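Here my numbering = 1-based position in the sequence shown + 27.
Take the hints with a grain of salt, since some may be wrong.
[Said to hold, decoys possible] The calculated EDC-like cross-link candidates involving lysine to aspartate or glutamate, where the alpha carbons are at most 20 Å apart (straight line), are: (1) K353 x D320; (2) K72 x E55; (3) K72 x D133; (4) K186 x D220; (5) K72 x D87; (6) K264 x D220; (7) K283 x D255; (8) K361 x D390; (9) K264 x E218.
[Stated by the list, open to error] Label pairs and their in silico Cβ distance ranges: (10) A211 x T381: 45 to 51 Å; (11) V362 x M222: 56 to 62 Å; (12) Q145 x E218: 21 to 27 Å; (13) K170 x E218: 33 to 39 Å; (14) E199 x A118: 53 to 59 Å; (15) D178 x D255: 19 to 25 Å; (16) T76 x Q50: 15 to 21 Å.
Quick caveat, the hints were computed from the structure, so don't treat them as lab data. Because the structure is a prediction, the values reported are computed rather than measured. Every residue gets a Cβ at the ideal spot worked out from N, C-alpha and C, and that includes glycine.
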Amino acid sequence: MKFRSLASAAAGVLFLAGAALAQVAAVEGIVKGVDGKAIVGAVIKIHRTDMKWDSQTKTDKKGHYFHTGLPISATFTVTVEVDGKQVDSVAGVRPSPGDPTAVNFDLKANQQDNASTQAAMQKAVETGQISDELKRSMTPEQKAQLQKSIDSQAAAMKKRGELNTAFNDGMEALKAKQYDQAVAALTKAAEVDPMQAAVWANLGDAYMGQAGTKTGPEFDALTQKGLDSYAKALELKPDDAAAHNNYALALAKAKKFPEMQAELKKSAELDPAGAYRSYYNLGALMTNAGQTDAAAEAFKMAIQAAPDEPKNAEAYYQYGLTLMAKATVNAEGKVTPVAGTTEAFQKYLELAPTGSHAQEAKDMLTSLGSAVETKFSDPNAKKAPPKKKK
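From just these sequences and the hints, can you work out the full model?
What follows is the structure, given as C-alpha coordinates:
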(Lines of atoms letter the chains of each structure in order from A and count residues from 1; the text may use other names and numbers.)
(Lines give C-alpha, C1' and ligand atoms only; values in the text may rest on other atoms or scores of the structure.)
Protein backbone atom coordinates (compact mmCIF):
# COMPACT_ATOMS: atom_id res chain seq x y z
CA MET A 1 0.00 0.00 0.00
CA LYS A 2 1.36 3.39 -0.95
CA PHE A 3 0.85 6.06 1.72
CA ARG A 4 0.51 9.62 0.58
CA SER A 5 0.87 12.73 2.75
CA LEU A 6 -1.23 15.84 2.71
CA ALA A 7 -0.40 19.05 4.62
CA SER A 8 -2.72 22.01 4.55
CA ALA A 9 -1.46 25.57 4.41
CA ALA A 10 -1.14 27.24 7.77
CA ALA A 11 -3.97 29.61 8.56
CA GLY A 12 -3.03 33.26 8.27
CA VAL A 13 -5.37 34.41 11.01
CA LEU A 14 -4.95 33.83 14.74
CA PHE A 15 -7.98 32.80 16.77
CA LEU A 16 -8.63 32.99 20.46
CA ALA A 17 -8.04 29.72 22.29
CA GLY A 18 -11.66 29.32 23.21
CA ALA A 19 -12.82 29.93 19.68
CA ALA A 20 -10.22 27.50 18.24
CA LEU A 21 -11.44 24.67 20.41
CA ALA A 22 -14.95 25.23 19.20
CA GLN A 23 -14.10 25.26 15.52
CA VAL A 24 -14.42 22.18 13.38
CA ALA A 25 -13.57 21.38 9.77
CA ALA A 26 -14.55 18.91 7.09
CA VAL A 27 -13.04 16.65 4.44
CA GLU A 28 -14.59 15.55 1.18
CA GLY A 29 -13.57 13.86 -2.02
CA ILE A 30 -14.29 11.57 -4.95
CA VAL A 31 -13.38 7.86 -5.13
CA LYS A 32 -12.74 6.46 -8.61
CA GLY A 33 -12.03 2.81 -9.37
CA VAL A 34 -9.37 1.25 -11.57
CA ASP A 35 -11.81 1.56 -14.46
CA GLY A 36 -12.00 5.32 -13.94
CA LYS A 37 -15.63 5.21 -12.81
CA ALA A 38 -17.02 6.45 -9.51
CA ILE A 39 -17.28 3.81 -6.78
CA VAL A 40 -20.59 3.71 -4.94
CA GLY A 41 -20.62 2.66 -1.30
CA ALA A 42 -16.86 2.81 -0.72
CA VAL A 43 -16.14 3.04 3.01
CA ILE A 44 -14.14 6.10 4.05
CA LYS A 45 -12.45 5.67 7.43
CA ILE A 46 -11.03 8.66 9.30
CA HIS A 47 -8.53 8.00 12.07
CA ARG A 48 -7.15 10.67 14.40
CA THR A 49 -3.46 9.99 14.92
CA ASP A 50 -2.86 11.73 18.26
CA MET A 51 -5.62 10.02 20.22
CA LYS A 52 -8.18 7.22 19.97
CA TRP A 53 -10.82 8.66 17.69
CA ASP A 54 -12.27 7.07 14.59
CA SER A 55 -15.18 7.75 12.32
CA GLN A 56 -16.35 6.72 8.89
CA THR A 57 -18.73 7.47 6.05
CA LYS A 58 -19.56 6.14 2.58
CA THR A 59 -19.51 7.44 -0.97
CA ASP A 60 -22.80 8.25 -2.71
CA LYS A 61 -23.95 7.24 -6.17
CA LYS A 62 -21.50 9.73 -7.68
CA GLY A 63 -18.57 8.37 -5.69
CA HIS A 64 -18.58 11.47 -3.50
CA TYR A 65 -18.18 11.55 0.27
CA PHE A 66 -18.29 14.32 2.87
CA HIS A 67 -17.44 14.28 6.59
CA THR A 68 -17.55 17.22 8.97
CA GLY A 69 -16.97 17.70 12.67
CA LEU A 70 -13.17 17.29 12.55
CA PRO A 71 -11.07 19.41 14.97
CA ILE A 72 -8.83 21.74 13.02
CA SER A 73 -5.93 21.20 15.41
CA ALA A 74 -5.71 17.44 14.79
CA THR A 75 -4.03 15.26 12.14
CA PHE A 76 -5.87 12.40 10.47
CA THR A 77 -5.33 9.41 8.25
CA VAL A 78 -8.08 8.89 5.67
CA THR A 79 -8.47 5.38 4.31
CA VAL A 80 -10.75 3.96 1.61
CA GLU A 81 -12.05 0.38 1.64
CA VAL A 82 -13.79 -1.40 -1.23
CA ASP A 83 -15.51 -4.75 -0.65
CA GLY A 84 -13.95 -4.94 2.80
CA LYS A 85 -10.38 -4.44 1.57
CA GLN A 86 -8.22 -1.37 2.11
CA VAL A 87 -7.22 -0.04 -1.30
CA ASP A 88 -5.65 3.34 -0.55
CA SER A 89 -4.79 5.67 2.31
CA VAL A 90 -3.69 9.26 2.80
CA ALA A 91 -1.76 10.22 5.94
CA GLY A 92 -1.10 13.62 7.45
CA VAL A 93 -4.49 15.18 6.68
CA ARG A 94 -4.96 18.45 8.66
CA PRO A 95 -8.38 19.98 7.93
CA SER A 96 -8.53 23.77 7.89
CA PRO A 97 -11.43 26.08 8.60
CA GLY A 98 -13.53 27.25 5.72
CA ASP A 99 -13.96 25.04 2.68
CA PRO A 100 -13.67 21.26 3.21
CA THR A 101 -10.20 19.80 2.71
CA ALA A 102 -10.15 17.71 -0.47
CA VAL A 103 -8.90 14.11 -0.17
CA ASN A 104 -9.57 12.30 -3.45
CA PHE A 105 -8.83 8.67 -4.33
CA ASP A 106 -8.08 7.63 -7.91
CA LEU A 107 -7.40 3.89 -7.77
CA LYS A 108 -6.40 3.68 -11.42
CA ALA A 109 -3.72 6.34 -11.01
CA ASN A 110 -2.73 4.86 -7.68
CA GLN A 111 -2.43 1.41 -9.24
CA GLN A 112 -0.18 2.80 -11.95
CA ASP A 113 1.89 4.65 -9.36
CA ASN A 114 2.21 1.47 -7.30
CA ALA A 115 3.22 -0.57 -10.35
CA SER A 116 5.80 2.04 -11.28
CA THR A 117 7.09 2.15 -7.70
CA GLN A 118 7.25 -1.65 -7.49
CA ALA A 119 9.19 -1.80 -10.76
CA ALA A 120 11.62 0.83 -9.48
CA MET A 121 12.02 -1.05 -6.20
CA GLN A 122 12.65 -4.34 -8.03
CA LYS A 123 15.27 -2.66 -10.17
CA ALA A 124 16.88 -1.25 -7.02
CA VAL A 125 17.02 -4.73 -5.49
CA GLU A 126 18.55 -6.18 -8.66
CA THR A 127 21.13 -3.41 -9.16
CA GLY A 128 21.74 -2.54 -5.53
CA GLN A 129 21.13 1.14 -6.28
CA ILE A 130 18.15 3.29 -5.21
CA SER A 131 17.39 6.08 -7.66
CA ASP A 132 17.02 9.65 -6.39
CA GLU A 133 13.45 9.78 -7.72
CA LEU A 134 12.54 6.66 -5.77
CA LYS A 135 14.17 7.99 -2.62
CA ARG A 136 12.06 11.14 -2.79
CA SER A 137 8.84 9.12 -2.99
CA MET A 138 9.61 6.92 0.01
CA THR A 139 9.33 7.32 3.75
CA PRO A 140 12.39 6.61 5.94
CA GLU A 141 10.79 3.32 6.97
CA GLN A 142 10.29 2.30 3.34
CA LYS A 143 13.88 3.22 2.50
CA ALA A 144 15.15 1.09 5.39
CA GLN A 145 13.04 -1.87 4.29
CA LEU A 146 14.20 -1.55 0.69
CA GLN A 147 17.85 -1.39 1.76
CA LYS A 148 17.29 -4.53 3.81
CA SER A 149 15.95 -6.28 0.70
CA ILE A 150 18.94 -5.07 -1.33
CA ASP A 151 21.39 -6.41 1.27
CA SER A 152 19.52 -9.72 1.42
CA GLN A 153 19.55 -10.06 -2.37
CA ALA A 154 23.26 -9.32 -2.52
CA ALA A 155 23.98 -11.95 0.11
CA ALA A 156 21.83 -14.50 -1.75
CA MET A 157 23.60 -13.80 -5.05
CA LYS A 158 26.99 -14.19 -3.40
CA LYS A 159 25.88 -17.48 -1.86
CA ARG A 160 24.58 -18.78 -5.21
CA GLY A 161 27.83 -17.84 -6.89
CA GLU A 162 29.91 -19.68 -4.29
CA LEU A 163 27.60 -22.69 -4.47
CA ASN A 164 27.68 -22.90 -8.27
CA THR A 165 31.46 -22.55 -8.40
CA ALA A 166 32.07 -25.23 -5.77
CA PHE A 167 29.48 -27.61 -7.25
CA ASN A 168 30.75 -27.24 -10.83
CA ASP A 169 34.35 -27.75 -9.68
CA GLY A 170 33.28 -30.87 -7.82
CA MET A 171 31.41 -32.28 -10.82
CA GLU A 172 34.34 -31.67 -13.14
CA ALA A 173 36.68 -33.42 -10.73
CA LEU A 174 34.23 -36.31 -10.28
CA LYS A 175 33.95 -36.71 -14.04
CA ALA A 176 37.74 -36.87 -14.26
CA LYS A 177 37.83 -39.39 -11.36
CA GLN A 178 39.83 -36.96 -9.29
CA TYR A 179 38.04 -38.04 -6.15
CA ASP A 180 40.07 -36.10 -3.59
CA GLN A 181 39.39 -32.82 -5.39
CA ALA A 182 35.75 -33.78 -5.92
CA VAL A 183 35.24 -34.46 -2.21
CA ALA A 184 36.88 -31.16 -1.27
CA ALA A 185 34.80 -29.08 -3.71
CA LEU A 186 31.48 -30.79 -3.00
CA THR A 187 32.07 -30.57 0.75
CA LYS A 188 32.50 -26.83 0.32
CA ALA A 189 29.27 -26.69 -1.69
CA ALA A 190 27.46 -28.55 1.11
CA GLU A 191 28.79 -26.04 3.63
CA VAL A 192 27.55 -23.12 1.51
CA ASP A 193 24.06 -24.61 1.18
CA PRO A 194 23.37 -27.83 3.09
CA MET A 195 19.83 -28.07 1.68
CA GLN A 196 20.82 -29.11 -1.86
CA ALA A 197 20.08 -32.81 -2.43
CA ALA A 198 22.16 -32.94 -5.64
CA VAL A 199 25.25 -31.79 -3.75
CA TRP A 200 24.94 -34.58 -1.15
CA ALA A 201 24.17 -37.25 -3.77
CA ASN A 202 27.26 -36.40 -5.80
CA LEU A 203 29.34 -36.10 -2.65
CA GLY A 204 28.29 -39.68 -1.92
CA ASP A 205 29.56 -40.69 -5.37
CA ALA A 206 32.84 -38.88 -4.71
CA TYR A 207 33.36 -40.58 -1.35
CA MET A 208 32.65 -44.00 -2.85
CA GLY A 209 35.14 -43.31 -5.64
CA GLN A 210 37.67 -42.26 -3.06
CA ALA A 211 36.96 -45.40 -1.01
CA GLY A 212 37.67 -47.53 -4.09
CA THR A 213 41.30 -46.41 -3.95
CA LYS A 214 41.71 -47.46 -0.31
CA THR A 215 41.66 -50.64 1.77
CA GLY A 216 41.05 -51.60 5.36
CA PRO A 217 40.00 -48.94 7.88
CA GLU A 218 40.40 -46.13 5.31
CA PHE A 219 38.01 -47.91 2.96
CA ASP A 220 35.50 -48.42 5.76
CA ALA A 221 35.67 -44.78 6.91
CA LEU A 222 35.23 -43.32 3.41
CA THR A 223 32.45 -45.77 2.59
CA GLN A 224 30.57 -44.69 5.70
CA LYS A 225 30.95 -41.04 4.68
CA GLY A 226 29.53 -41.97 1.30
CA LEU A 227 26.57 -43.73 2.92
CA ASP A 228 25.95 -40.74 5.17
CA SER A 229 25.98 -38.41 2.15
CA TYR A 230 23.46 -40.54 0.24
CA ALA A 231 21.24 -40.70 3.32
CA LYS A 232 21.32 -36.89 3.57
CA ALA A 233 20.42 -36.54 -0.10
CA LEU A 234 17.44 -38.86 0.33
CA GLU A 235 16.38 -37.04 3.46
CA LEU A 236 16.10 -33.88 1.36
CA LYS A 237 14.62 -35.60 -1.71
CA PRO A 238 13.16 -39.01 -0.80
CA ASP A 239 11.61 -39.54 -4.26
CA ASP A 240 14.94 -39.56 -6.14
CA ALA A 241 15.11 -43.01 -7.77
CA ALA A 242 18.70 -42.57 -8.96
CA ALA A 243 19.88 -41.64 -5.46
CA HIS A 244 18.21 -44.76 -4.02
CA ASN A 245 19.95 -46.85 -6.70
CA ASN A 246 23.40 -45.38 -6.02
CA TYR A 247 22.85 -45.66 -2.28
CA ALA A 248 22.07 -49.34 -2.77
CA LEU A 249 25.29 -49.91 -4.70
CA ALA A 250 27.25 -48.26 -1.88
CA LEU A 251 25.46 -50.42 0.69
CA ALA A 252 26.49 -53.50 -1.29
CA LYS A 253 30.13 -52.45 -1.09
CA ALA A 254 29.66 -52.10 2.65
CA LYS A 255 28.14 -55.63 2.67
CA LYS A 256 24.86 -54.32 4.06
CA PHE A 257 22.74 -56.52 1.83
CA PRO A 258 19.28 -56.28 3.48
CA GLU A 259 19.48 -52.47 3.38
CA MET A 260 20.76 -52.66 -0.19
CA GLN A 261 17.78 -54.76 -1.29
CA ALA A 262 15.36 -52.31 0.31
CA GLU A 263 16.94 -49.33 -1.47
CA LEU A 264 16.93 -51.01 -4.88
CA LYS A 265 13.29 -52.00 -4.49
CA LYS A 266 12.49 -48.40 -3.56
CA SER A 267 14.31 -47.19 -6.65
CA ALA A 268 12.28 -49.57 -8.81
CA GLU A 269 9.01 -48.43 -7.23
CA LEU A 270 9.85 -44.78 -7.88
CA ASP A 271 10.96 -45.40 -11.47
CA PRO A 272 8.93 -48.29 -12.94
CA ALA A 273 10.40 -47.67 -16.40
CA GLY A 274 13.88 -48.29 -15.02
CA ALA A 275 12.84 -51.04 -12.59
CA TYR A 276 14.48 -53.79 -14.64
CA ARG A 277 17.83 -52.02 -14.27
CA SER A 278 17.48 -51.70 -10.50
CA TYR A 279 16.54 -55.35 -10.10
CA TYR A 280 19.31 -56.43 -12.47
CA ASN A 281 21.82 -54.51 -10.38
CA LEU A 282 20.48 -56.24 -7.32
CA GLY A 283 20.91 -59.64 -8.96
CA ALA A 284 24.48 -58.85 -10.00
CA LEU A 285 25.38 -57.71 -6.49
CA MET A 286 23.81 -60.79 -4.92
CA THR A 287 25.71 -62.99 -7.36
CA ASN A 288 28.99 -61.34 -6.40
CA ALA A 289 28.10 -61.81 -2.74
CA GLY A 290 27.53 -65.54 -3.30
CA GLN A 291 23.83 -65.33 -2.46
CA THR A 292 22.48 -67.41 -5.32
CA ASP A 293 18.85 -67.62 -4.20
CA ALA A 294 18.59 -63.87 -3.70
CA ALA A 295 20.29 -63.29 -7.06
CA ALA A 296 17.83 -65.58 -8.84
CA GLU A 297 14.88 -63.77 -7.27
CA ALA A 298 16.29 -60.38 -8.29
CA PHE A 299 16.87 -61.44 -11.92
CA LYS A 300 13.36 -62.87 -11.98
CA MET A 301 11.97 -59.51 -10.82
CA ALA A 302 14.01 -57.75 -13.53
CA ILE A 303 12.47 -60.09 -16.12
CA GLN A 304 8.97 -59.41 -14.85
CA ALA A 305 9.59 -55.65 -15.08
CA ALA A 306 10.37 -55.84 -18.83
CA PRO A 307 9.70 -59.40 -20.05
CA ASP A 308 9.94 -58.85 -23.81
CA GLU A 309 12.36 -55.97 -24.19
CA PRO A 310 15.70 -56.70 -25.90
CA LYS A 311 17.44 -54.43 -23.39
CA ASN A 312 16.51 -56.93 -20.68
CA ALA A 313 17.96 -60.00 -22.45
CA GLU A 314 20.92 -60.04 -20.07
CA ALA A 315 18.58 -60.64 -17.13
CA TYR A 316 17.36 -63.88 -18.75
CA TYR A 317 20.92 -65.11 -19.27
CA GLN A 318 21.96 -64.30 -15.71
CA TYR A 319 18.76 -65.86 -14.38
CA GLY A 320 19.59 -69.02 -16.30
CA LEU A 321 23.07 -69.10 -14.77
CA THR A 322 21.72 -68.78 -11.23
CA LEU A 323 19.29 -71.63 -11.92
CA MET A 324 22.11 -73.74 -13.32
CA ALA A 325 23.75 -73.52 -9.89
CA LYS A 326 20.76 -75.45 -8.57
CA ALA A 327 20.96 -78.24 -11.15
CA THR A 328 21.73 -81.78 -10.00
CA VAL A 329 24.20 -84.21 -11.59
CA ASN A 330 23.78 -88.01 -11.29
CA ALA A 331 26.49 -90.65 -11.23
CA GLU A 332 26.55 -90.84 -15.02
CA GLY A 333 27.10 -87.09 -15.24
CA LYS A 334 23.65 -86.28 -16.50
CA VAL A 335 22.58 -82.75 -15.60
CA THR A 336 19.01 -82.24 -14.42
CA PRO A 337 18.13 -78.55 -14.35
CA VAL A 338 15.45 -76.96 -12.19
CA ALA A 339 12.30 -75.66 -13.83
CA GLY A 340 12.78 -72.51 -15.88
CA THR A 341 16.46 -73.00 -16.73
CA THR A 342 16.13 -73.91 -20.41
CA GLU A 343 13.35 -71.35 -20.89
CA ALA A 344 15.67 -68.59 -19.58
CA PHE A 345 18.44 -69.39 -22.08
CA GLN A 346 15.96 -69.81 -24.93
CA LYS A 347 14.40 -66.43 -24.14
CA TYR A 348 17.85 -64.83 -24.11
CA LEU A 349 18.50 -66.17 -27.61
CA GLU A 350 15.09 -64.97 -28.75
CA LEU A 351 15.78 -61.40 -27.56
CA ALA A 352 19.50 -61.31 -28.41
CA PRO A 353 20.24 -63.95 -31.09
CA THR A 354 23.62 -62.35 -31.76
CA GLY A 355 24.23 -61.16 -28.22
CA SER A 356 27.54 -61.37 -26.39
CA HIS A 357 26.39 -64.53 -24.58
CA ALA A 358 24.63 -66.20 -27.51
CA GLN A 359 27.18 -68.97 -27.87
CA GLU A 360 27.32 -69.65 -24.14
CA ALA A 361 23.52 -69.86 -24.05
CA LYS A 362 23.54 -72.39 -26.91
CA ASP A 363 26.23 -74.43 -25.16
CA MET A 364 24.17 -74.45 -21.97
CA LEU A 365 21.11 -75.70 -23.82
CA THR A 366 23.16 -78.37 -25.54
CA SER A 367 24.58 -79.57 -22.21
CA LEU A 368 21.04 -79.78 -20.87
CA GLY A 369 19.94 -81.89 -23.80
CA SER A 370 17.63 -79.23 -25.17
CA ALA A 371 17.31 -78.40 -28.82
CA VAL A 372 18.66 -75.00 -29.71
CA GLU A 373 16.16 -72.92 -31.63
CA THR A 374 17.80 -71.57 -34.78
CA LYS A 375 14.88 -69.62 -36.21
CA PHE A 376 14.89 -66.73 -33.77
CA SER A 377 14.22 -63.47 -35.57
CA ASP A 378 15.96 -60.22 -34.86
CA PRO A 379 13.59 -58.32 -32.51
CA ASN A 380 14.92 -55.03 -33.87
CA ALA A 381 14.30 -55.90 -37.53
CA LYS A 382 11.48 -54.14 -39.32
CA LYS A 383 8.55 -56.36 -40.26
CA ALA A 384 7.65 -56.66 -43.95
CA PRO A 385 4.28 -55.14 -44.84
CA PRO A 386 1.49 -57.70 -45.36
CA LYS A 387 0.83 -58.84 -48.93
CA LYS A 388 -2.23 -57.41 -50.61
CA LYS A 389 -5.00 -59.81 -51.48
CA LYS A 390 -5.77 -60.19 -55.17
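Each hint tested on the structure:
no., hint, result
1, K353 x D320, "holds (9 Å)"
2, K72 x E55, "holds (12 Å)"
3, K72 x D133, "holds (16 Å)"
4, K186 x D220, "holds (8 Å)"
5, K72 x D87, "holds (15 Å)"
6, K264 x D220, "holds (15 Å)"
7, K283 x D255, "holds (14 Å)"
8, K361 x D390, "holds (15 Å)"
9, K264 x E218, "holds (18 Å)"
10, A211 x T381: 45 to 51 Å, "holds (46 Å)"
11, V362 x M222: 56 to 62 Å, "holds (58 Å)"
12, Q145 x E218: 21 to 27 Å, "violated (35 Å)"
13, K170 x E218: 33 to 39 Å, "holds (34 Å)"
14, E199 x A118: 53 to 59 Å, "holds (57 Å)"
15, D178 x D255: 19 to 25 Å, "violated (35 Å)"
16, T76 x Q50: 15 to 21 Å, "holds (19 Å)"
Checked against the numbered hints listed earlier, the structure breaks hints 12 and 15; every other hint is satisfied.
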